[in-house]
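**Q** Here is what each chain is made of, one letter per residue.
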Amino acid sequence: MRLFPLPLTRWTMVGIGVLFFVLFPLVANDYFLNIGNLVFIAVVGAIGLNIQVGYTGQVSIGHGAFIAIRDRDVAAEIVGINLFRYKLLAFAVSSFYAGMTGVLYAYYLGIANYEQFDISTTVDFLAMIIIGGLGSILGSIFGALFITVLPMALRAMTDAVGSVLLFLFPTLNVSYVVQSVTSIKLILFGMLIIVFLIAEPDGLNKLWRNIRDYFRVWPYSY
Amino acid sequence: MHFLLDELPFFLELLVAGLLVGMMYALVALGFVVIYKASQAINFAQGEFVKFGGFLVAASIRYYDLSLIPSMAIGFGAMVVIGLLLERLVLRPLIGRPVIAIIMATIGLASILRGVLLLIWGPLTVNIPLPISEEPVEIFTLLVKLITVVGAIISILFLAGFTFLFLRSRIGIALRAVADNQTVAQVMGIDVRHYFALTWVTAGVVATIGGILWGNMIGADVHPALIGLKVFPVVILGGLTSIPGAILGGLIVGAVENVAAGYIDPYVGGGTKDFIPYILMIFALMLRPYGFFGERVIERV
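Here the protein sequences line up with chains B and R, keeping their order.
Going by my numbering, the first residue of the first sequence is number 245, and it counts up by one from there.
Going by my numbering, the first residue of the second sequence is number 13, and it counts up by one from there.
Bear in mind the hints are in silico, worked out from the structure with no lab data behind them.
One should not assume that every hint holds.
Pairs of lysine-lysine, DSBU-like flavour, derived with a Cα cap of 35 Å [stated by the list, open to error]:
hint	chain 1	residue 1	chain 2	residue 2
1	R	K157	R	K285
2	R	K49	R	K285
3	R	K157	B	K450
4	R	K157	B	K331
5	R	K285	B	K429
6	R	K49	R	K157
To list a few chain R residues with every Cβ distance to chain B over 12 Å, as calculated [stated by the list, open to error]:
hint	residue
7	E60
8	L96
9	L129
10	T175
11	R188
Nothing here was measured: the structure is a model prediction, and the numbers come from that model.
Quick reminder that beta carbons are idealized off the backbone N, C-alpha and C, glycines included.
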């Protein structure tokens, strides 16, 4: 058995990467930072474009490799796809998007605090992609919309129901009902994840495609 | 050498306390391993199981004035019912789907359990009063908390009982057959669904034992439980499919985190326990990805 799961060259690359991140702040002045930024933007643009192209149906080795690895990674490796490289690439790209989200979110809130991003954040995002539909960009947009709007709709609903209840039963403790939005949200999240997994594994994206296909041939469907 | 001799009692005390807590980790990890063996599903709701069982017992004592035995009966009964319902409502429709679907279903389940607790009883921490004295006892000149000793003894008894069941009884043979090859097991006349339900019930019961012990030590509350995540280092260290591995992993994680906390915490101000197990896990993954007793998987295309 090999002691390390990676060959030596990979370790060298990792070492250079770590060294770069340690040394970069020491040599960083405006000039280096500018060049670094430009390179970074170009790299990001290229990666983003590649994925974009892949998803719009043009020829792209990268996208095909991702799908092949998703479907069966051993077979993909035998076909000649560099498994390590593409898995790393997938992680890198998704980390980039996660980081961008963090930046935008912190900017939106005005404060950044590590305690607000715990494991429940991951569960929220997981709920989004399951409800939206796994493996599709449109699905993740649907899911994100749905999950973000859900607590607000829930809040409005509990407010409305609470006021009606208060009108009918003046002795009821309505503040408790309104406070419980968080827990109802958690329960609904869990139930939605399970229901979508069982009933509609392709998520809202599939529903959307069904609707679209229905209206594509609408008056003459048979 | 003198320095080392002076340190020895302190070190041993940390080590013993860690090993005792580690037995409880092993117990909770047992539920995880049994589920993984039978259905290759990683149960992300194990921590919520611990919390749910513990909190049910705590709430029955605190809010409904029941004595200890009936509340424990309620806790175990509820977890058994949850295990059975889970198999019927969630896992049976998911049979034949990719493993990732079952994993995500357990994440959804964790969310539901947390929401139910929060909705009904609110976010307060409730202690479970057990008839065990708070005074530390002295074993071979080492001071240890009595509850950890009791917890370790209960864990050892349960683990031994389960191992015996697993290796000797009819149920155990059927369980091992299901773990080995579901299709063949079904052909031989074993009702696979029945044994899936049994594994989830086992997970619920061991989680409730863990929940009661933890509820006495640090109080039961509804916040995301670290114990649920600590199961991962334990089982990865020991190998996901191995019961002795879970026990060894639990002991190692308990001992290492406690010793590290004892020596590092004074300098960094606490929190060592929360990250040391994961560092251990990363090293285990780098050096021995299948764990100490795990099966090495050979993939055929």
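**Q** Are K157/R and K285/R close enough, with their CA atoms no more than 35 Å apart?
**A** Status holds; Cα separation ~18 Å.
**Q** Against the 35 Å threshold, does the CA-CA distance of K157/R and K331/B hold or violate the hint?
**A** Given that 35 Å is the threshold and the Cα spacing comes to 47 Å, the pair is violated.
**Q** With the threshold set at 35 Å, check whether the alpha-carbon distance from K49/R to K285/R stays at or below it.
**A** Roughly 28 Å between the alpha carbons, so the hint for K49/R and K285/R holds.
**Q** If I take the minimum Cβ distance from L96/R to any residue of chain B, is it greater than 12 Å?
**A** holds (16 Å)
**Q** Is the Cβ of E60/R more than 12 Å away from each Cβ in chain B?
**A** violated (10 Å)
**Q** Between K49/R and K157/R, is the straight-line Cα distance small enough, at 35 Å or below?
**A** holds (34 Å)
**Q** Are all C-beta atoms of chain B more than 12 Å from that of R188/R?
**A** Non-interface label on R188/R holds, nearest chain B Cβ at 27 Å vs cutoff 12 Å.
**Q** Is K285/R close enough to K429/B, meaning Cα to Cα at most 35 Å?
**A** OK: K285/R and K429/B at ~31 Å, within 35 Å.
**Q** Is the Cα-Cα distance between K157/R and K450/B 35 Å or less?
**A** Violated, at about 56 Å.
**Q** For L129/R, is the shortest CB-to-CB distance to chain B above 12 Å, so the non-interface label stands?
**A** Incorrect as stated: the minimum Cβ-Cβ distance to chain B is 8 Å, not above 12 Å.
**Q** Taking the closest pair, is the beta carbon of T175/R still more than 12 Å from chain B?
**A** holds (28 Å)
Checked against the numbered hints listed earlier, the structure breaks hints 3, 4, 7, 9; every other hint is satisfied.
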